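Go ahead and model the full structure; you've got the sequences and the hints to work with.
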Amino acid sequence: MGRKLLFDKAHIEGIRYYDVYRANGGYGSAEKALKSMKPEEVLEEVKKSGLRGRGGAGFPTGMKWSFIAKPEGVPRYLVCNADESEPGTFKDRYLMEFIPHLLIEGLLISSYTLGCNSCYIYIRGEYAWIPEILEQAIAEAKKNGWLGKNIQGTGFDLEIYVQRGAGAYICGEETALIESLEGKRGNPRIKPPFPAVKGLWDCPTVVNNVETLAAVVPILRIGGDEYAKYGIGKSTGTKLISACGNINKPGVYEIEMNISVEEFIYSDEYCGGIANGKRLKACIPGGSSVPILPANLLLKTAKGEQRMMTYEGLADGGFATGTMLGSGGFIVLDEDQCIVKNTLTFARFYHHESCGQCSPCREGTGWMKRVLQNIENGKGKMSDIDLLWDIQRKIEGNTICPLGDAAAWPVAAAIRHFRDEFEWHVLHPEEATKRNFGLAHYADPLEIAAPAAV
Amino acid sequence: MAEEKKLFKVKIDNISVEVEPGTSILNAARRIGGDIVPPAMCYYSKLQGSGGKCRTCLVKVTKGSEADPRPMPKLVASCRTNVMDGMEVANITSPEVQEARKGVVEFLLLNHPLDCPVCDQAGECHLQDLSYEHGADTTRYEFKRRTFDRIDIGDKIQLHMTRCILCYRCVFTADQMTEKREHGVLGRGEAAEIGTYIQQSLDNNFIGNVIDVCPVGALTDKTFRFKNRVWFLKPVDAHRDCHDPKCCGKTVLWMRGDEVFRVTARKDKYGEVEEWICDTCRFDKKDVKDWTIEGPRKIERQSVISQGHYVGVHKPKDTLVEVLEGRQPKLLLDIHDISEVNRPEIDLSQIDGPAHSDDFNKK
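Heads up: the protein sequence lines correspond to chains A and B, in order.
Counting in our numbering, the first sequence runs from 1 upward without gaps.
Counting in our numbering, the second sequence runs from 1001 upward without gaps.
To be clear, the hints were calculated from the coordinates, so they are not data collected in a lab.
The structure presented is a predicted model; accordingly, all values stated were derived computationally and were not measured.
From the three backbone atoms N, C-alpha and C, an ideal C-beta is built for every residue, glycine too.
The reader is advised that the hints may include incorrect statements.
Coverage of chain A stretches by chain B, computed from C-beta distances (three or more under 8 Å per stretch; other residues unrestricted) [to be verified]:
#, stretch
1, 345-358
2, 366-374
3, 397-407
Given below as structure tokens:
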């Protein structure tokens, strides 16, 4: 059994409520931080822990917090990004639904560290029932003196507000989220200035993912140094992975970042292998926007080493032969799944969710979707594959926010690794609408070039 | 004693310039001028918050600054990126930038109808200039283009969303020039459109400026629609005493003969208005008597309008006789002998400017 830090008490009946949470050691970390530590000391612990942003980019949290500007007389804000809209990712939902107090405790400690007196949870509109759970938890916390004025007699004030989004994926981008929170159209802002300097209402703001903020609680409980001992290298601690697709046991798993991808997919503790006795074809390990990998590259890196479930492990080989950990939306495809159709689904999503602010993303995502639709429906041409490659290359990196990149990467990776399947679709239009390309050689062992003789 | 301001040294395409801190790369490039100025479709120096959206002004920062010489990992929008001391920027010297710009122009033209022959903006359209310079010969887009119905916003302005490139300039204008924000962007992604909700007319006295800021023919002056091509008109500087304190009263009249076809604000060489004018000046004062004419306006752009200059024009030398070694050309056919349309009594060379049907109709 892997060690758990966030979900260690998730199985306890009624952990959602304050009394049970408190009885099981809840708010212990907050008590420790508020009563016996200075904000700088908490920041130091977070820095020592090596905690990295769990929302996708993996930026060190301690460093992000230390960037926040601290001008005199200007309020600072902490915003919790609960706009979890990436296809394949549903880890924050589980956390907020079952242990909301963990998030609130995390927000309390983080706000204390950053010196914020108001804090917002921006939650996606489709999670319609969760705001109630959170607000109930906030009310309970307030009743017991963990929120409001003069928390536990320490003189620190904090209010937490829950704000529902209206269902736009783009509002998960931190500056678009801030715009939306201000009541404006959710268009990403042009950076710089970064939110740490000019964020919500032009005040210094930190935007963090739900899981990142929740992870602050175990860090304070066990100490930053101890937390850093979990995981491998720079990927410290535990990560929530929401596994879905053709696996026996889909769900949210907390993994310590020291297991291999193979273990995660095939062990009974986690996914429990591929469903219905099929074989693994491909996997998107970090939510829809990260590059897809064929089975052989997923389990072993290009160098023939075991691929690990860590930030570095999954990114090994760059985009040529690797991918990213992203937000942990682990989507597994078996041999019956069609990569072209899968790519089209993602392209359609990004086309639908593009905010339309900058031209490459507004026009390019729709174009990619239409070209993919043609290929999928048996009307494709060989030149369309190269055209797709060219379009994604011209979107990537040229947009205001990362949505352009997120739309381009799945298409790029699908063509890079599954070009023969695209070609098969073009050459066998009739057949492609009726049956699938199948597994081909995607699961074959990798050919490793023999080291050159010295 | 006033403290001397430290200037930042910047190199753009290997040309050095010293600018004040806080200047954007685009404005530093404009200080140098010439070919190295990145094109800008959405940035407008007079409008706060504009820029960064169209991505045509992308440049490569090859050296971040003197203190941190690392290059920037991505291409940056030069209109919204400020210069640092010792920064080195590559625009036309970087193939990567040229390639990306070509891509952006292709994206901008993807859903653009390219109806220049019937568009009032033709001749002074930034997108037209941009596509001449960076566009491909043909489109690779094989799908149906996005179309919208034309909307009248007020009785003087027409919005034709099909041509729009969503630069947001008009949104910023409406927001910053008028007291009440009356139009914005509806929808998202490809379906995004400039809209006044429920087609509410914009009756503010400064809303006409949205026509001037529009880089394409999406917002057009209904008092001028289909009246004339801009390159047939003679632009002259003029002014009048406008009662509106916010209006500068300094305009350009676009005339043919004594007739004022339209009135616009004065634009600099990057197509940006120098000072805003009110709608009374723009739409209602279309008589020469209303204005004090200052003289011909020089249009500093490479467009066809600059063909209409009064000054510096030389009559072409009659070389035919020279080529024919002194012989006079023999007229094979006089058009008036066979045409009933042309009127031989009207001497075409006596008509001011290009011929108009009125010239033939009036007795």
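Evaluated hints:
Residue count for the stretch 345-358 of chain A with a Cβ under 8 Å from a Cβ of chain B: 8. That meets the three needed, and the coverage hint holds. With a threshold of 8 Å between beta carbons, the proposed coverage of the stretch 366-374 of chain A by chain B holds, since 3 of its residues qualify and at least three are required. Three residues within the 8 Å Cβ limit are the bar, and the stretch 397-407 of chain A against chain B gives 4, so the coverage statement holds.
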